[in-house]
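Protein chains: 2
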Amino acid sequence: MSELKRKRGRPKVRPDSHTDTKEALLQSGLEWLTQSGFCSSSLDSILRSIQIPKGSFYHYFASKEDFGLAVLERYRLFFEHKLDKHLLDESHSPISRLKNFMHDATMGIERYQFARGCLVGNLEQEIQTLPANFKQAIVDTYLSWQKRVEMCLIEAKQQQQIGPDEDTEALAKVFWIGWEGAVSRARLLHSSAPLEQFGTFFLERLQR
Amino acid sequence: MSELKRKRGRPKVRPDSHTDTKEALLQSGLEWLTQSGFCSSSLDSILRSIQIPKGSFYHYFASKEDFGLAVLERYRLFFEHKLDKHLLDESHSPISRLKNFMHDATMGIERYQFARGCLVGNLEQEIQTLPANFKQAIVDTYLSWQKRVEMCLIEAKQQQQIGPDEDTEALAKVFWIGWEGAVSRARLLHSSAPLEQFGTFFLERLQR
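Read top to bottom, the protein sequences are chains A and B.
For my numbering, add 21 to where a residue sits in the first sequence, where the first one is 1.
For my numbering, add 21 to where a residue sits in the second sequence, where the first one is 1.
A hint or two may mislead.
Intra- or inter-copy, both count: the list cannot distinguish identical chains.
Dumping the calculated EDC-like pairs for lysine to aspartate or glutamate here, alpha-carbon to alpha-carbon at most 20 Å [what the hints assert, rightly or not]:
hint : residue 1 : residue 2
1    : LYS103    : GLU131
2    : LYS103    : ASP125
3    : LYS103    : ASP188
4    : LYS85     : ASP186
5    : LYS85     : GLU176
6    : LYS156    : GLU131
7    : LYS156    : GLU111
8    : LYS156    : GLU101
9    : LYS43     : ASP186
10   : LYS178    : GLU225
Hints in this document: simulated from the structure, not taken from any laboratory.
Here the structure is a predicted model, which means the values were calculated and not measured.
Chain A extracted, bound-state conformation (with noise of 0.2 Å):
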């Protein structure tokens, strides 16, 4: 807590073009966001810690629940292309690429001392009070990384490093499961333990 306090008590240089004020406001919603929520972060304290005027912030966004969204689907696309970046890397088996994809999400998990966790799945327990149209964003967002491990997946079974029946629809789907559960203990342990111990059951198991 000390550390989030302290970061966001440190005044910030202000933006000096409409590309650096967007910019700048999505990726200090994307710290809020990760580390309070949605429901606990207020705009008047994001634009503060920024050093943003309110009518800059309605030049680029219609509202809270606006922005909200816009910093969910970048950071939707971060992980896209993180996954894509292993999980498409053919100087690997498909098994190893997941573990790599793993290992860079661990790793990124502790480069913030484990304060932000996922956001999909820290907006993910807000559902119930969060505006409606998130629903559909954070469902979508699921599909979009479960299809990349799933056909990680089914490369692993083309290269027989899983089982011909492996249904690798629904491993992918306990991948996701099991991975934001583990993301959510690391968080709250401030250890990447839970991240190492689900990884490593799946994977085992998936390979026997």
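Put chain B on the given structure of chain A with help from the hints.
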């Protein structure tokens, strides 16, 4: 959401004794905290929903934090009881007992139309913004539930339902990581399919 609003809007019978008042507070706290989280639940709204004046509240609890911790303790005990009921039931094999617990827990989630999820998982997501005392209470709750699953898995090993080399402590951790992930996804999708998907994967892979 409409179900949630309807419930909150409904005036409740005012409790007529001290025990009833405390009980009504804990029940209502559970409803609010599991649906909206600790930070988004206002004490005023909770008290209004059960028509209890603030003075009475402070007779039982020193603060909203103290109240939240009492609600969490009540929830922990409720699930310890549910776990014991199934996992100590020697009329079933250890693996069947685990399956029975998952079935029971799934029914509980369906009963509230996926609006509640798991209080512990919900609070875990709020960890960055919760008062410091919550962390240890959440960690202790998981440890208590995990220990019960571990004891059941030790019995499964003794009865040769799972391999002699299985690390039952690690497996119990993975169970709770994945199960909480599944509860969260079930709440998002308003479907118990994620619980079924994770449960099936976990139990099948355990017995190979």
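Cross-check of the supplied hints:
| no. | hint | result |
| --- | --- | --- |
| 1 | LYS103 - GLU131 | within (16 Å within a copy, 35 Å between copies) |
| 2 | LYS103 - ASP125 | within (8 Å within a copy, 38 Å between copies) |
| 3 | LYS103 - ASP188 | neither (24 Å within a copy, 32 Å between copies) |
| 4 | LYS85 - ASP186 | neither (46 Å within a copy, 52 Å between copies) |
| 5 | LYS85 - GLU176 | neither (41 Å within a copy, 52 Å between copies) |
| 6 | LYS156 - GLU131 | between (28 Å within a copy, 19 Å between copies) |
| 7 | LYS156 - GLU111 | neither (34 Å within a copy, 42 Å between copies) |
| 8 | LYS156 - GLU101 | within (19 Å within a copy, 32 Å between copies) |
| 9 | LYS43 - ASP186 | neither (48 Å within a copy, 55 Å between copies) |
| 10 | LYS178 - GLU225 | both (15 Å within a copy, 19 Å between copies) |
Checked against the numbered hints above, the structure violates hints 3, 4, 5, 7 and 9; every other hint is satisfied.
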